[in-house]
Amino acid sequence: MAKLNVNGKVVDYTAEEGTPLLWVLREQLGMTGTKYGCGIAQCGACTVHIDGVPIRSCVRPASSVKAAEKIVTIEGLSKNGTHPVQKAWVALDVPQCGFCQSGMIMAATALLKTTPNPTDKQIDDAMTNICRCGTYNRVRAAIKVAAKEIAGGKQVANALNIQHVNGGKA
Amino acid sequence: MKTASVANPSRRKFVQASAATAGSLVVAFNIPFSGNVQAQAAADEINAWVVVKPNDTVVIRIARSEMGQGSLTGLAQLVAEELECDWAKVTTEYPTPGQSLARKRPWGDFGTGGSRGIRGSQDYVRKGGAIARMMLVQAAANEWKVPAAECTVDKGIISHAASKHTTSYGKVAAAAAKLTPPTDVKLKDPKDWKLAGKRLARLDTVDKTTGKQIYGMDLKLPGMLNAAVKDSPVFGGKLKNVDDATALKMPGVKRVLRVGDTAVAVVADTWWRAKTALEAVKIEWDEGPNAKASSAAFAEVLKAGLDAKDAVVGATIGDAAMALAGAARKIEAVYSYPHQNHACMETMNATVRYTPERCEVWVPTQGGEGALAATAEASGLPPEKCEVYKIHLGGGFGRRGATDYVRQAVAIAKQMPGIPIKMIWSREEDMAQGRFHPVTQCRLVAGLDDKGDVTALHIRISGQSILAGVAPQNIKDGKDPVVFQGFNTPGPEASLCYTLPNLLVDHAMRNPHVPPGFWRGVNLNQNTIYLESFIDEIAAATKQDPLALRKKMMSKNPKSLAVLEAVANRVGWDKSAPKGIFRGLAQTMGFGSYVAACAEISISNEGVLKIHRI
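Protein chains in written order, with my numbering: chain L, 1 to 170; chain V, 171 to 784.
Because the hints were derived from the structure by calculation, they are not lab data. One should not assume that every hint holds.
Listed next, the in silico DSS-like pairs over lysine-lysine satisfying Cα-Cα at most 25 Å (straight line) [claimed, not checked]:
{"hint": "1", "chain 1": "V", "residue 1": "K729", "chain 2": "V", "residue 2": "K361"}
{"hint": "2", "chain 1": "L", "residue 1": "K9", "chain 2": "V", "residue 2": "K361"}
{"hint": "3", "chain 1": "L", "residue 1": "K79", "chain 2": "V", "residue 2": "K390"}
Now the stretches of chain L that chain V is said to cover, found in silico as 3 or more residues with beta-carbon under 8 Å [claimed, not checked]:
{"hint": "4", "region": "25–36"}
{"hint": "5", "region": "88–98"}
{"hint": "6", "region": "142–151"}
Here are the simulated distance ranges between beta carbons [unchecked claim]:
{"hint": "7", "chain 1": "V", "residue 1": "G430", "chain 2": "L", "residue 2": "K9", "range": "38 to 46 Å"}
{"hint": "8", "chain 1": "L", "residue 1": "N161", "chain 2": "V", "residue 2": "P587", "range": "49 to 57 Å"}
{"hint": "9", "chain 1": "L", "residue 1": "G8", "chain 2": "V", "residue 2": "P224", "range": "35 to 43 Å"}
A quick note: this is a predicted structure, and the numbers were derived from the prediction, not measured. Don't be surprised by glycine CBs; every beta carbon is placed ideally from N, CA and C.
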């Protein structure tokens with residue numbers, strides 16, 4: 001039995017040598033929020049954090065991750081989707097089909113840790129995830145909204161004029 | 171607020187129970203099938219768009235598939251608008267194609283594509299909401315013994331001012347469900363809309379930010395196994411020899427199966443193990459008649475089609491040939507457009523449980539009813555013994571309107587009766603087994619008079635027909651009308667926005683062995699690029715401003731012109747672009763939408779193109 005530390009819990013799993021972390025998460029641990037997109041670390045749909053660093057779990061052998069290393073997936077990013085990035089994503093209605101968005105959010109949260117106030121260029125350079133629907137502009141806008149909240153400001157109103165369920169506007 | 175619930179093995183029972191439960195209101199109404207007598211007669215039967223739970227939760231059923239385009243929320247808004255329910259208490263669910271079949275298609279068309287989701291069903295879903303409201307209000311009025319017309323309703327609360335009565339939808343739902351649906355239904359004037367047409371937050375956003383949204387690939391059923399599959403890398407090829415000795419010994423592997431005579435599947439406890447073992451299966455292919463086919467060779471076929479005599483006419487005005495022959499000047503250009511893969515982020519997948527009595531499929535699909543028909547065909551069972559449960563799509567773009575992957579998954583599950591099997595394509599398989607955007611070339615020839623005005627245009631398309639590949643029965647007299655999207659004579663749909671005294675659009679059909687499919691925007695894509703590039707060629711050759719030339723030719727299409735002018739104004743067309751930056755304008759119309767765009771680009775000394783602004 002090998003061990004992984006996922007979202008604050010140490011879990012046992014069994015998998016052949018070389019099994020990517022992605023498939024251990026999805027098939028052994030039942031955490032399907034992390035997605036399979038390309039299998040060759042190109043699209044970023046499988047992005048998770050290891051000790052805060054974004055990695056592409058589709059090419060990272062699970063056996064290479066030590067139990068002491070802390071893995072965070074989209075399921076463990078926050079309680080009830082309350083991370084400022086997730087809130088910004090909801091406020092701006094970023095997802096379309098949504099399949100790439102777990103990876104997008106994991107990449108964005110990692111970016112904001114190292115670069116709290118990213119420029120457009122820094123966002124473009126860091127966010128190499130692929131979105132087939134084309135949410136890139138809203139991803140960029142939402143990262144800026146999240147950056148402001150993290151910096152201590154309130155969730156900032158945006159120009160999209162989206163009406164949320166309680167009647168409030170984002 | 172919850173989003174569309176995920177279908178599970180008990181889903182069918184749930185739907186049936188929902189329809190039968192006394193506490194739920196199931197609303198019936200007419201579906202406008204044109205000239206379908208049987209459907210008209212069936213209008214009084216149970217039809218279901220709205221379910222009201224005793225706790226006032228409103229479940230709105232959505233027949234179209236959600237794949238990121240937002241129609242799950244948009245259609246719910248339309249129903250809720252007429253229903254006058256509390257939007258905060260709205261949830262949605264997909265009805266199943268099998269239920270639809272059993273109940274004589276109360277939900278109409280499940281097909282989701284061609285920008286039809288809202289356009290094609292807005293009228294009857296609003297009617298569904300309105301009838302539900304009328305029945306709920308009538309039930310309250312009956313209870314209070316007051317005229318329904320004196321009752322008012324706001325956010326699911328019904329009131330009668332004179333008698334000071336008030337109640338909620340949930341409380342009268344059971345009584346309302348027993349009433350005969352009204353037939354005289356008046357829809358609200360759009361100027362009074364509170365929900366419809368408003369930019370409401372999407373119902374499915376939250377789950378897409380927490381990892382909770384379940385896609386087909388995420389599905390888990392009790393006792394489920396996983397399948398990885400490899401079909402012939404050359405279309406038209408077949409299996410020659412399969413050596414599965416090594417694969418069968420690998421961990422977790424249950425079976426190595428032939429799927430038809432063209433594919434191999436490995437079924438294992440996990441998909442990763444199935445995929446790993448599949449790579450260890452030694453497959454020898456008979457690549458068949460297309461073994462040596464190439465893009466370069468087919469490009470020559472397309473090129474020859476540009477001059478061929480066997481072209482089918484799509485649109486004609488005046489006499490383009492004669493006008494071209496007498497033109498003061500002629501301008502010509504040839505363009506080409508390659509095959510393109512849909513490349514949905516979520517690769518094709520389907521989960522199937524087959525028994526000799528029943529075949530159930532859980533699948534992200536744009537065509538629920540098509541998937542049901544494919545399931546019936548592939549399983550050999552009648553449609554009544556099949557069911558399809560739709561799951562959210564990780565992208566569609568037309569790819570998931572095809573049923574090849576559904577048939578394949580059924581063919582795998584049929585070999586292991588009783589066991590649910592989730593088939594997932596690897597990315598490599600998804601790219602190799604596409605249903606590709608068609609390959610075409612196009613030659614445009616314009617005739618100009620001595621003032622530089624366009625007097626004639628001949629557009630010759632040479633290339634692949636989607637219908638010839640996916641629905642050959644719809645080809646009449648050798649003509650695929652879809653080929654001409656964007657080049658149709660003036661009309662409401664995908665028509666030319668330029669007024670031309672002489673026009674000929676024709677098509678020399680040249681079909682390669684690569685299977686085509688409807689792909690995001692379909693033929694309007696390349697046809698717009700062909701025509702709009704050519705308009706700029708004419709502008710350059712005649713030293714006219716591209717905007718001025720378009721305006722001159724668009725005076726009879728005020729909507730298109732207004733959209734183009736709006737874009738030109740926003741970009742500041744009257745002022746030149748910054749030094750080193752080039753600007754291009756384009757416009758088109760199709761699927762009920764008018765579109766114009768302006769791009770600002772630059773090209774570096776190394777030849778690298780950069781888009782600065784669109």
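Structure-based check of each hint:
no., hint, verdict
1, V:K729 - V:K361, "holds, 22 Å"
2, L:K9 - V:K361, "violated, 54 Å"
3, L:K79 - V:K390, "holds, 24 Å"
4, 25–36, "holds (count 10)"
5, 88–98, "holds (count 8)"
6, 142–151, "violated (count 0)"
7, V:G430 - L:K9: 38 to 46 Å, "holds, 44 Å"
8, L:N161 - V:P587: 49 to 57 Å, "holds, 54 Å"
9, L:G8 - V:P224: 35 to 43 Å, "holds, 39 Å"
In summary, the numbered hints that this structure violates are 2 and 6.
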